[in-house]
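Novice: In order, the protein sequences belong to chains A and B.
Per my numbering: the first sequence = residues 2 to 190.
Per my numbering: the second sequence = residues 25 to 70.
Everything labelled a hint here was simulated from the structure, so no lab data went into it.
These numbers were taken from a predicted model, which means no experiment stands behind them.
Built from N, CA and C at the ideal position, the CB exists for glycine as well.
Be careful, since some hints might not be right.
Stated by the list, open to error - Listed below are several chain B residues computed to face chain A (Cβ distance under 8 Å; list not exhaustive):
#	residue
1	M25
2	V35
3	E40
4	T46
5	A51
6	L53
7	N56
8	Q57
9	S63
10	T65
11	Q68
12	L69
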Amino acid sequence: MGSTVFPVPSTSSSSTQKWTQIASYTSTTNVPTIDFNDIPQTYRSLRLVINGIVKQTTNDQLYMRFNSNSGNNYAWWGWVATGTTYLSSYRYVDQTVFTLTSPGININTTRYFSGTIDIYNYAEVNAAKQVAYKSQWQESPYYYNETVSGNWNTGASTPAVTSINLIVGSGDMNIIGSNSNGIFLYGGN
Amino acid sequence: MPNPMIAVINVTDNTEVIREMTDEEYASLLANQASIAASLTKEQLE
Numbered sequence: 002m003g004s005t006v007f008p009v010p011s012t013s014s015s016s017t018q019k020w021t022q023i024a025s026y027t028s029t030t031n032v033p034t035i036d037f038n039d040i041p042q043t044y045r046s047l048r049l050v051i052n053g054i055v056k057q058t059t060n061d062q063l064y065m066r067f068n069s070n071s072g073n074n075y076a077w078w079g080w081v082a083t084g085t086t087y088l089s090s091y092r093y094v095d096q097t098v099f100t101l102t103s104p105g106i107n108i109n110t111t112r113y114f115s116g117t118i119d120i121y122n123y124a125e126v127n128a129a130k131q132v133a134y135k136s137q138w139q140e141s142p143y144y145y146n147e148t149v150s151g152n153w154n155t156g157a158s159t160p161a162v163t164s165i166n167l168i169v170g171s172g173d174m175n176i177i178g179s180n181s182n183g184i185f186l187y188g189g190n
Numbered sequence: 025m026p027n028p029m030i031a032v033i034n035v036t037d038n039t040e041v042i043r044e045m046t047d048e049e050y051a052s053l054l055a056n057q058a059s060i061a062a063s064l065t066k067e068q069l070e
């Protein structure tokens, strides 16, 4: 499987490079963790699309891990803005988790999260897993937007990504049960 | 009080299970949440 070139998969069924939906989660049950396990190793890239997660009690962050790995193997930088106002740029290195929400801009019962997370190179062993995502929190009248670039496990003995773990910082989270919300995982060739 | 629920999606088998966490899973979750909050370190770029 080639990994040094990243063509953008198409959603067209006629394209040879396309995204294929391989899993979905639409339950509105309150849960603190959502795991996508046993991910097929047959694609070049993964795309996780999250539409509408809220947190049920107080503010907190939404985290993401690969393979339930809690080592200091996560690094990323990004910037966050509202629709009209730049807020900040930041960098994290040697962390134990990706944060899908910026500190200070957590999710709660009225501020819900959506995002698109691309994971390149996920099936290749002994290669860094590059991650790019765009996140959004909506809380009228503000729309917070975050753009992130990062990687997981830059070491020489990096495993393939076989599971994606979403974790909320405390309490429970759930999918908003309307507008076809949910979490959708795609494989891209 | 029951433990929280956990959602597990097996992508290969296309199955989804939402079940109560075991005591071990819940203890691990609480430990993870505490350690994440304590260890996150942001470097502000500007």
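Novice: Run every hint past the structure and note whether it holds.
Specialist: Okay, the hints, checked on the actual structure:
no.	hint	verdict
1	M25	violated (13 Å)
2	V35	holds (4 Å)
3	E40	holds (7 Å)
4	T46	violated (13 Å)
5	A51	violated (13 Å)
6	L53	holds (6 Å)
7	N56	holds (7 Å)
8	Q57	holds (6 Å)
9	S63	holds (6 Å)
10	T65	holds (7 Å)
11	Q68	holds (5 Å)
12	L69	holds (4 Å)
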